[in-house]
Structure formats: C-alpha cells, structure tokens
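Line by line, the protein sequences are chains A and B. According to this note's numbering, the first sequence is numbered sequentially starting from 1. According to this note's numbering, the second sequence is numbered sequentially starting from 1.
Treat the hints loosely; a few may be bogus.
Think about it this way: if two alpha-carbon atoms lie no more than 25 Å apart in a straight line, the pair counts; the simulated DSS-like pairs of lysine-lysine are [to be verified]: (1) Lys464/A / Lys137/B; (2) Lys436/A / Lys137/B; (3) Lys532/A / Lys461/A; (4) Lys216/A / Lys171/A; (5) Lys137/B / Lys463/A; (6) Lys461/A / Lys172/B; (7) Lys171/B / Lys436/A.
Source of the hints: derived by calculation from the structure; they are not laboratory data. All of these numbers come straight from a predicted model, not from anything done at the bench.
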Amino acid sequence: MKRYLLLTVMLLPIILMAISVTASVNKNRLSLADRLEYSLAIKSDSSISISEPSPPSFKLFSFVNMRSSSRSSTTLNGFKLETQHLRSYIYYYIPQKEGITTIPAQEIKIGNKVYSTPAITVTVVASASNPSSQSSPAIAPGFGFDDPDLPWSASRITGSTMIRAYPERQKVYKGQPAVVSYYLYTDQMVRSFNLEGEKDFPGYGKADYESPTMLKYETVNQGGQRLQRALIKRIMLLPNETGELQAPLVQGRARIYEFGYLNQKVNSVSAWLEVLPLPKDNVPKNFSGAVGSFELSDNLSTESISLGEAITYSLRIAGQGNFNQFAHPQFPESSAQISSPMAIDRLNAGVEGSRTLYYTIIPTEKGSFTLPSVSFSWFDTDRGVYQSYTSQQREIQVKSATVASYFSSLLESGKPQSIRPMLFRHNYPTYHNCLKQVWYWLVIAIILAGTIFSAYLVWLKNKKHRDPEQYNQMMADRALRKYLEEASEAAKSLSQEFYTLAQNGLMNYLSEKYGISLRFSSPEKIAELQQKKIPDALITDLTSFLELCERQRFSPEKRDAASLMQDYHQLRRIVLAFSKKGNTK
Amino acid sequence: MKAIWTILILSILIFSPLAASEYDELKDLEDQGIQNADLYYNLGVTYWQLGQSGMANLYFLRALNLDSAHKPAKENLNYVISLSQDRELYPQHLFLLRIFWEAYDYMNLNRTAILTLVLLLISALSLFWLLHYDREKELELPSLVLGICLFLLLSSSTILGVKAYRQAHNKKAVLIQNVAELRTTADYKANRVAVIHEALILIVEESKLGWSLVRLPDGSSGWLEDADLKRVMPLGR
Numbered sequence: 001m002k003r004y005l006l007l008t009v010m011l012l013p014i015i016l017m018a019i020s021v022t023a024s025v026n027k028n029r030l031s032l033a034d035r036l037e038y039s040l041a042i043k044s045d046s047s048i049s050i051s052e053p054s055p056p057s058f059k060l061f062s063f064v065n066m067r068s069s070s071r072s073s074t075t076l077n078g079f080k081l082e083t084q085h086l087r088s089y090i091y092y093y094i095p096q097k098e099g100i101t102t103i104p105a106q107e108i109k110i111g112n113k114v115y116s117t118p119a120i121t122v123t124v125v126a127s128a129s130n131p132s133s134q135s136s137p138a139i140a141p142g143f144g145f146d147d148p149d150l151p152w153s154a155s156r157i158t159g160s161t162m163i164r165a166y167p168e169r170q171k172v173y174k175g176q177p178a179v180v181s182y183y184l185y186t187d188q189m190v191r192s193f194n195l196e197g198e199k200d201f202p203g204y205g206k207a208d209y210e211s212p213t214m215l216k217y218e219t220v221n222q223g224g225q226r227l228q229r230a231l232i233k234r235i236m237l238l239p240n241e242t243g244e245l246q247a248p249l250v251q252g253r254a255r256i257y258e259f260g261y262l263n264q265k266v267n268s269v270s271a272w273l274e275v276l277p278l279p280k281d282n283v284p285k286n287f288s289g290a291v292g293s294f295e296l297s298d299n300l301s302t303e304s305i306s307l308g309e310a311i312t313y314s315l316r317i318a319g320q321g322n323f324n325q326f327a328h329p330q331f332p333e334s335s336a337q338i339s340s341p342m343a344i345d346r347l348n349a350g351v352e353g354s355r356t357l358y359y360t361i362i363p364t365e366k367g368s369f370t371l372p373s374v375s376f377s378w379f380d381t382d383r384g385v386y387q388s389y390t391s392q393q394r395e396i397q398v399k400s401a402t403v404a405s406y407f408s409s410l411l412e413s414g415k416p417q418s419i420r421p422m423l424f425r426h427n428y429p430t431y432h433n434c435l436k437q438v439w440y441w442l443v444i445a446i447i448l449a450g451t452i453f454s455a456y457l458v459w460l461k462n463k464k465h466r467d468p469e470q471y472n473q474m475m476a477d478r479a480l481r482k483y484l485e486e487a488s489e490a491a492k493s494l495s496q497e498f499y500t501l502a503q504n505g506l507m508n509y510l511s512e513k514y515g516i517s518l519r520f521s522s523p524e525k526i527a528e529l530q531q532k533k534i535p536d537a538l539i540t541d542l543t544s545f546l547e548l549c550e551r552q553r554f555s556p557e558k559r560d561a562a563s564l565m566q567d568y569h570q571l572r573r574i575v576l577a578f579s580k581k582g583n584t585k
Numbered sequence: 001m002k003a004i005w006t007i008l009i010l011s012i013l014i015f016s017p018l019a020a021s022e023y024d025e026l027k028d029l030e031d032q033g034i035q036n037a038d039l040y041y042n043l044g045v046t047y048w049q050l051g052q053s054g055m056a057n058l059y060f061l062r063a064l065n066l067d068s069a070h071k072p073a074k075e076n077l078n079y080v081i082s083l084s085q086d087r088e089l090y091p092q093h094l095f096l097l098r099i100f101w102e103a104y105d106y107m108n109l110n111r112t113a114i115l116t117l118v119l120l121l122i123s124a125l126s127l128f129w130l131l132h133y134d135r136e137k138e139l140e141l142p143s144l145v146l147g148i149c150l151f152l153l154l155s156s157s158t159i160l161g162v163k164a165y166r167q168a169h170n171k172k173a174v175l176i177q178n179v180a181e182l183r184t185t186a187d188y189k190a191n192r193v194a195v196i197h198e199a200l201i202l203i204v205e206e207s208k209l210g211w212s213l214v215r216l217p218d219g220s221s222g223w224l225e226d227a228d229l230k231r232v233m234p235l236g237r
C-alpha cells in the first residue's frame with residue numbers, strides 16, 4: 001500500500017499536468033492572392049518536449065514554409081508560481097486554385113498521450129485583382145508581410161530581375177531567318193522561370209528555335225554590374241517586310257527564393273532589327289524566293305534500269321534559310337515521266353538543316369535517256385548575291401523490261417520513294433476478262449475435243465492390235481451401217497428390195513474401200529478387185545452373191561424368208577471378210 | 001514529320017487546281033462505265049494530289065483488282081500506306097513470302113488464264129504422246145511429263161479459280177473518313193475497339209443495318225458505319 005502511495009505522489013505532477021493542443025488558420029475564406037497560415041499551438045504547465053510535427057498536406061494548397069516558436073511565462077498567483085509553456089508551429093501555404101478543402105485533424109504525441117486537433121475547412125475564391133500577382137499579398141496585419149519575423153517580408157526583397165532580347169544580327173535581308181535570344185538577367189536567386197506569353201508585332205513569321213528546360217546560369221557583367229544570366233528562349237524570325245522590325249516581347253514569372261518563394265512578373269525589353277530588301281538586279285529567272293546560305297548536292301539511284309522501273313533522283317539542299325518559303329525546282333519537259341518532288345526534311349525550326357527532294361523518274365522508251373538538268377537559285381545572305389545551282393545531265397541506259405524487273409522493288413523496299421506520277425494514256429480500253437471471252441472457251445473446247453478424238457483413235461488402234469477379230473467385226477458392222485443399212489432393214493422386213501439395195505451398197509462399199517470408180521460395171525469392178533490381191537475364194541463368194549442379187553432383181557419368184565435371211569448373213573460374211581483385209585486403197 | 005506534312009499540304013494547294021480538272025475528265029470516263037486499271041490508277045494519283053489518301057488507296061486497290069500486276073498502283077499503294085497513321089497495323093512478311101506474293105500478283109487473272117490454256121494444250125499433247133508412245137518401250141518419260149503437266153494445270157486452274165472468285169467478290173474496303181471508331185457491336189453506344197485513320201485497308205466480313213463488320217490488317221475486327229468506308233467492289237456491281 002505504501003508502495004502505491006509513493007508512486008502516486010511521484011506521478012502527481014504528471015497526472016495534474018494540463019496540456020492543450022489547438023489548431024487555427026488565419027482565414028477560413030481566402031482568395032488566390034492570399035496566403036494561408038495554419039497554426040498549431042501547444043500549451044502546457046510544464047516544459048514541452050516533442051518533435052516538430054510535419055506540415056499537413058491537403059488539396060488546393062502548396063506548402064511554402066514553416067516556422068516555430070517557444071515561449072514560457074511565469075506568474076505569481078497568490079502564493080503560487082504558475083509557469084505557462086507555449087510552443088507554436090506556423091505553416092504557410094499558397095492557394096493553387098479555387099475550391100473548398102479541409103485541413104485534416106492533426107495528431108500530436110506528447111509523452112505517451114496523443115492529442116488531436118479538429119479538422120478545419122477552408123474556402124478559396126478567385127481574387128479580385130491579378131491572382132498571380134504576389135508582390136503585395138494580402139496577409140493579415142500583425143502576422144503578414146509586415147511582420148518583421150517573416151523571412152520573405154517585402155522589405156527584405158532586394159535586387160532586380162529582367163529579360164533582354166538579343167538578335168543574332170542587327171541587319172538581315174527580307175526572308176532571311178534571324179535568331180533572337182531571350183536572356184534572364186538577375187542578381188537574385190531565381191530558381192525557375194515560367195514563360196507566360198509573347199507579344200508579336202507585324203512584319204515577320206516566327207518559329208521556336210530553342211527552349212531550354214532549365215535555367216543554366218552564367219556570370220556576366222552588365223553595365224558594370226555583376227549579374228547571373230540564363231537563356232530562356234530562342235526564336236527564329238522570318239522577316240517579310242523591309243524596314244525596322246521589333247522582336248516579340250516575352251513575359252513570364254520568375255520564382256525568386258529569399259528564405260521563401262516569391263513569384264515576380266518579368267517583361268522583356270524591346271529589341272529591333274533592320275530588314276533590308278533583296279537586290280533587284282541580276283535576279284535569276286528561276287528564283288522562287290529562297291533566301292539563306294545553302295549548299296546543294298544531287299544523286300541518282302542508278303544509271304541502268306529496265307523499262308517500267310523507276311529511278312530516284314534526289315536533290316539535297318542544306319544550310320540555313322527560309323526553307324518553307326520557296327518553290328521546289330522542277331525538271332523541264334522530257335520523254336520520261338517525272339514526278340513532283342517529295343520533300344524529306346531534317347530541319348530545326350524550319351530554317352536550319354537539310355531538305356532532300358526526291359523525284360521519281362520513269363523512262364517510257366528503251367535505249368539511252370538523257371535526264372535533263374535541274375536548277376535552283378537563291379539569294380546568298382553571306383555574300384549578298386544571287387547564286388544558282390545546276391545539276392549535270394545524266395545518261396541513263398534503259399533496257400527491255402523482263403519478268404525479273406517486276407520483282408526489283410523487293411530489293412528496294414528501304415529506299416525513300418515518292419508517289420508515282422500519272423500514266424500518259426490517250427484512251428482507256430475497257431478491261432476484258434479472258435474467262436468471259438468466247439474465244440477462250442472455244443480454244444478450250446477444241447483442245448478437249450482434239451484430245452478426246454485422239455484418245456478414240458488410240459483406242460481403236462489398241463483394239464485392232466489386241467483383238468483383231470472383234471475389231472474386224474466392228475468395222476464390218478460399221479460398213480454395214482454406213483453402206484448397207486437400207487439393205488439390212490429390207491432383209492429384216494423380208495423385202496425383196498434387199499437384193500437391189502445389197503448389190504448397190506456392197507459395190508459402193510468396195511468402191512470406197514479400194515478406190516474403184518463407181519462408173520465401172522460390176523464385172524469391171526471385180527476385175528479391179530482381183531488385181532488388189534483379194535483371195536480368190538472371197539472373189540468367188542462376192543461374184544456368187546452379186547449374181548444372186550442380179551437374178552433376184554429380175555426373178556418373178558420371190559425368195560422365202562429363210563433364204564432371204566441366209567442371203568443377208570452371206571452379205572455380212574462377205575463384208576466381214578473384206579473388213580479383215582483392211583484399207584488397201 | 002511535321003515538316004513533311006507541311007510540304008505535302010503546300011504541294012496539295014499548288015497541284016489542286018490542276019488535279020481537279022484531270023479528275024473531272026477521269027471521273028467522266030469512269031462514270032461512262034469504263035473499267036481500266038490505268039484509269040483507276042490515274043484517278044488514285046489525282047485523289048492523292050487532292051489530299052484524299054483514302055480515295056487514292058481505294059482506286060489503287062481497284063486498279064489492282066483488275067490487274068494485280070499493275071506495278072505503279074502497287075508502289076503507290078505501298079507509299080500511301082507507309083505514310084498513313086495506321087501503318088503499324090500492316091503485317092510484315094518474310095522475304096520468301098513476299099517473293100511468293102509478288103509472283104502471285106504478277107500472274108494477274110488474264111495471264112493465269114492464258115497460262116492455264118497453254119498448260120491444257122501441253123497436257124493434251126503429253127497425253128497424245130503417251131497414248132501413241134511405242135508400246136514396246138518404257139512409258140516412264142511420257143508418264144512423268146504428263147504428270148508434271150497435269151499437276152501444273154491443276155495448280156494453275158485452282159489459282160485461276162481463286163483469282164476469278166476474288167476479283168468478282170473482292171471484300172476489301174478503305175476508310176475514307178479522317179478518323180473512325182471501331183465498335184464491338186453495330187451500335188453507337190457499344191464499346192470502342194479501336195480508333196482508325198483514313199486510308200486504312202479493311203476486309204468487310206458482314207454488313208447489316210448500315211454497319212459493317214470489318215477486319216483490320218492486324219487481324220482485329222469490329223463494327224464500322226458503312227458511310228465511313230468505301231468498298232473496292234461496290235455492292236451491286
């Protein structure tokens with residue numbers, strides 16, 4: 001028990017120690033031109049030992065700086081001495097944009113206890129005056145810029161910051177590019193510079209030439225004063241009027257550091273150039289407005305090609321000048337098709353570097369083709385005179401086109417190209433699809449018919465070779481169909497006309513087969529047959545059949561059906577026998 | 001790149017009046033129903049000079065549809081593609097494959113038709129040779145010749161059939177608007193698949209209700225409004 005009592009007595013000062021932590025802002029509603037002060041105040045009866053709280057971060061504001069202070073006061077209250085310890089932390093913020101934001105509750109750990117502050121809501125509204133102007137910020141009296149304790153108090157800002165423009169040349173010709181450099185001069189700690197605008201004047205076109213991403217200072221003497229200088233911009237002016245020309249004015253904000261940051265508006269000082277007119281004497285005929293200092297060279301991809309292939313001629317213009325203000329040189333009329341040039345630029349600000357013009361040339365005839373010269377004129381600003389470049393004429397050998405020339409592009413895929421020019425055509429015949437042409441299918445039909453006929457002949461040949469008997473029978477049947485069809489029909493209908501038709505058909509067959517004239521009488525034809533080395537037995541059978549036919553033609557007695565069919569078969573045997581003999585014409 | 005486009009625009013401004021008159025003449029011929037690869041090619045060049053790269057590509061493709069061996073049209077098509085914003089979408093072929101496609105294109109429809117005719121004749125003669133070949137001798141040589149001829153004839157006929165079909169049913173189209181959005185379905189509210197730019201060559205796979213399902217050169221597909229594209233073979237031709 002004594003032990004607990006002793007412990008309580010020892011801890012009593014701590015238990016009784018009164019600590020309060022409060023948070024406040026200088027304004028709950030402030031404009032963009034104002035600063036926000038966020039204060040944390042810690043009051044204690046005893047000494048305070050805490051680490052510095054980190055500045056809270058919240059939306060719409062950026063942290064600028066902080067300061068802390070500590071005060072102690074002792075008062076006699078009756079017979080008791082009371083000591084009050086105050087530790088304050090003040091955080092300074094700059095509003096970035098309008099809106100409402102809340103500063104979150106802060107937790108301050110003192111000893112083993114954590115004290116919380118309430119969250120504070122702050123509203124930012126647009127400033128009535130220039131929001132970015134912070135040379136006279138609205139700070140609450142007593143704790144603002146007038147507060148001598150503040151490190152960036154206005155009274156402490158000293159020195160000067162300015163922008164000066166320096167043209168590369170004071171005198172330039174009309175159309176000649178002129179570089180103007182803008183330097184920031186200062187004897188302050190300008191940490192950054194933000195370009196906000198340029199004011200232009202008549203008489204020029206312009207392009208950005210160089211824009212450094214950071215300030216690189218160099219020390220210079222300016223009017224006996226030692227200053228820091230940094231390039232902030234270089235622009236390229238292209239004068240299009242003669243006379244006095246004022247360079248653009250630039251303006252921006254310098255972020256100056258003097259124990260804190262301050263934005264200061266800075267405008268450039270006026271700079272002037274004198275623009276001279278181009279000489280009117282000795283102007284080349286093909287001068288198209290090029291002004292500058294150029295070097296020209298040309299190249300031809302090949303000097304030997306096949307008809308239908310394209311050659312690339314390139315003209316390179318390098319140097320400094322008004323690249324975007326002159327026309328490209330054109331080839332004079334020639335027998336070849338020459339395209340308009342395709343330009344590939346490697347330029348800085350459109351005025352410095354090189355431009356390569358690619359011409360696609362397609363010869364239209366085989367043989368030797370002379371590529372005409374092409375010329376380009378410009379006003380040389382270094383020498384102050386007009387200059388001309390004329391390319392040499394080139395001989396190109398054009399060979400006949402081959403199938404391989406169609407595939408030449410496979411090996412040239414990496415080369416720069418331009419659009420191929422139009423084709424000269426007097427007329428445009430309508431496209432004909434071969435598959436829709438009658439002649440095409442007629443030729444196919446003829447080929448197929450010929451093939452089938454050829455195959456048939458071979459089939460016949462093979463048949464004769466493999467089975468002569470059947471072949472002869474087939475040929476006899478064919479002869480019968482051709483010459484004795486009517487006789488066969490008569491025999492089948494048991495008509496007596498059979499004999500007349502059989503005699504005529506048989507003699508026609510034999511006349512055709514052996515080339516015997518039809519004007520001969522039957523005995524004469526038989527005599528002819530005998531000379532053809534026909535077997536005697538066959539001649540005898542033929543003669544007997546012909547005599548039978550002769551008799552029956554004039555006989556009043558008709559043959560019966562059996563005899564007639566027997567005679568028909570006799571006719572077939574005779575034809576078959578002659579078929580076996582083959583064609584012996 | 002910016003400078004190139006500046007020059008391009010300048011040249012367009014210079015050549016536009018000239019190109020416009022030639023355009024009228026060529027367009028009149030086309031309106032008369034003349035189908036000619038050179039006419040389409042010249043129209044393509046004219047459209048290019050007028051600054052319409054989509055229409056230029058369309059007419060180069062029309063020229064190639066009639067005559068796949070039209071070298072100037074092919075070169076200009078490749079040139080326009082190389083300048084287009086969507087050039088990365090086109091697949092890069094291996095060298096041997098490029099040789100094959102070059103050979104395939106060199107044999108345009110009419111050349112393939114004539115080759116097929118010649119091969120048919122040679123095959124018929126080979127057959128005739130084989131049939132009339134001396135039966136006492138070995139038949140390997142005429143059989144081999146006939147086999148080769150028939151193989152070539154079959155290949156040529158197949159290619160001819162494919163070419164004829166593809167010419168009659170060419171599904172290629174070209175984007176003629178500056179920029180268009182490809183969507184997952186045929187609906188304005190559908191999710192966007194890709195943003196594509198003028199002169200891109202597309203394959204139309206399906207059409208309905210004023211929308212077309214198109215396939216891009218990289219294989220991806222989506223729906224596009226019909227008004228944004230023009231077909232190489234207009235519907236109903």
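Status of each hint after checking the structure:
With a C-alpha separation of about 19 Å, the suggested pair Lys464/A and Lys137/B falls inside the 25 Å cut-off, and the hint holds. Our distance criterion of 25 Å between C-alpha atoms is broken by Lys436/A and Lys137/B, whose separation comes to about 43 Å. For a cut-off of 25 Å, the pair hint linking Lys532/A to Lys461/A stands: about 24 Å separates their Cα positions. Between the alpha carbons of Lys216/A and Lys171/A the distance comes to roughly 29 Å, so the proposed pair goes past 25 Å and is violated.
Between Lys137/B and Lys463/A the CA atoms are separated by roughly 19 Å; this keeps the pair inside 25 Å, and the hint holds. Pair hint Lys461/A plus Lys172/B does not hold up; C-alpha atoms about 55 Å apart against a cutoff of 25 Å. A hinted pair counts as satisfied when its Cα atoms are at most 25 Å apart, and Lys171/B with Lys436/A qualifies at roughly 21 Å.
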